[in-house]
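Trainee: Put together the whole structure using the sequences plus the hints.
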Amino acid sequence: MASITLLSPADHRRVPWKNGGGVTTELAVEPAADGRFLWRVSIADVVEPGPFSAFPGYDRLIAVVEGDGMRLSIDGTPPVERRRLDPAFAFRGEAAVWCEPLAGPIRDVNLMLDRASATGTLTLHAGPALHRADGGVVLVHALVGTLSVTLDGGEPQLLAQGHSLLLRDSAAQIDVPDGAEGVCAEIRRRYTSGS
Numbered sequence: 003m004a005s006i007t008l009l010s011p012a013d014h015r016r017v018p019w020k021n022g023g024g025v026t027t028e029l030a031v032e033p034a035a036d037g038r039f040l041w042r043v044s045i046a047d048v049v050e051p052g053p054f055s056a057f058p059g060y061d062r063l064i065a066v067v068e069g070d071g072m073r074l075s076i077d078g079t080p081p082v083e084r085r086r087l088d089p090a091f092a093f094r095g096e097a098a099v100w101c102e103p104l105a106g107p108i109r110d111v112n113l114m115l116d117r118a119s120a121t122g123t124l125t126l127h128a129g130p131a132l133h134r135a136d137g138g139v140v141l142v143h144a145l146v147g148t149l150s151v152t153l154d155g156g157e158p159q160l161l162a163q164g165h166s167l168l169l170r171d172s173a174a175q176i177d178v179p180d181g182a183e184g185v186c187a188e189i190r191r192r193y194t195s196g197s
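Numbering-wise, my numbering puts 44 at position 42 of the sequence shown, and it's gapless, one number per residue.
Hints were generated in silico from the structure; no laboratory data involved. Just so you know, even glycine gets a beta-carbon here, dropped at the ideal spot from N, CA and C. Just to be clear, a hint being listed does not mean it is correct.
Label pairs and their in silico Cβ distance ranges [stated by the list, open to error]:
#1 Asp-70 to Glu-28: 21 to 29 angstroms
#2 Arg-134 to Asn-21: 33 to 41 angstroms
#3 Pro-18 to Ala-98: 18 to 26 angstroms
Mentor: In structure tokens, the structure reads:
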């Protein structure tokens with residue numbers, strides 16, 4: 003059944019990293035029955051070099067939204083650099099990851115997905131831009147400025163900076179005006195033949 007939920011900064015939850023190395027702000031999370039979560043969208047503050055927490059069984063997508071950028075070393079492979087608003091970078095949650103900000107503190111947005119139960123995408127948009135999101139679960143977050151989100155057959159809804167919109171089973175168009183920036187996480191359940 004289609005639903006739409008507006009989440010203000012007061013609804014977002016600041017939680018410590020699993021490894022104690024920092025703090026992340028949960029924009030939205032869908033708990034699972036076993037104490038894990040099906041998916042989570044969060045924004046983490048990274049102020050100094052250090053390891054990422056391990057999340058076995060999850061797929062992760064990450065992108066820099068504030069600051070210059072970061073360098074990631076994953077399981078001893080050659081480092082990968084990601085700059086602000088670069089496309090999201092995907093890696094496995096159980097990987098050994100070392101993160102080094104390139105020039106001072108950064109903030110990054112993370113989409114984590116229970117690999118057995120969900121798949122998804124994480125896209126960043128700098129205006130002017132239009133993005134179409136179809137069905138499943140969609141989390142839109144206004145990073146800078148005000149976005150406009152229009153559900154099929156509905157009126158445009160304005161989304162102020164720092165606010166999020168959680169959509170379920172409803173297609174929408176996201177309008178990012180000139181000077182604004184937003185992030186869109188799209189999540190789809192994996193269904194097995196027995197479900």
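Trainee: Starting from the hint 33 to 41 angstroms, judge whether the C-beta atoms of Arg-134 and Asn-21 obey it.
Mentor: holds (37 angstroms)
Trainee: Do Asp-70 and Glu-28 keep their Cβ atoms within the hinted range of 21 to 29 angstroms?
Mentor: holds (25 angstroms)
Trainee: Taking the beta carbons of Pro-18 and Ala-98, is their distance inside 18 to 26 angstroms?
Mentor: Holds, at about 20 angstroms.
Every hint from the earlier list agrees with this structure, and none is contradicted.
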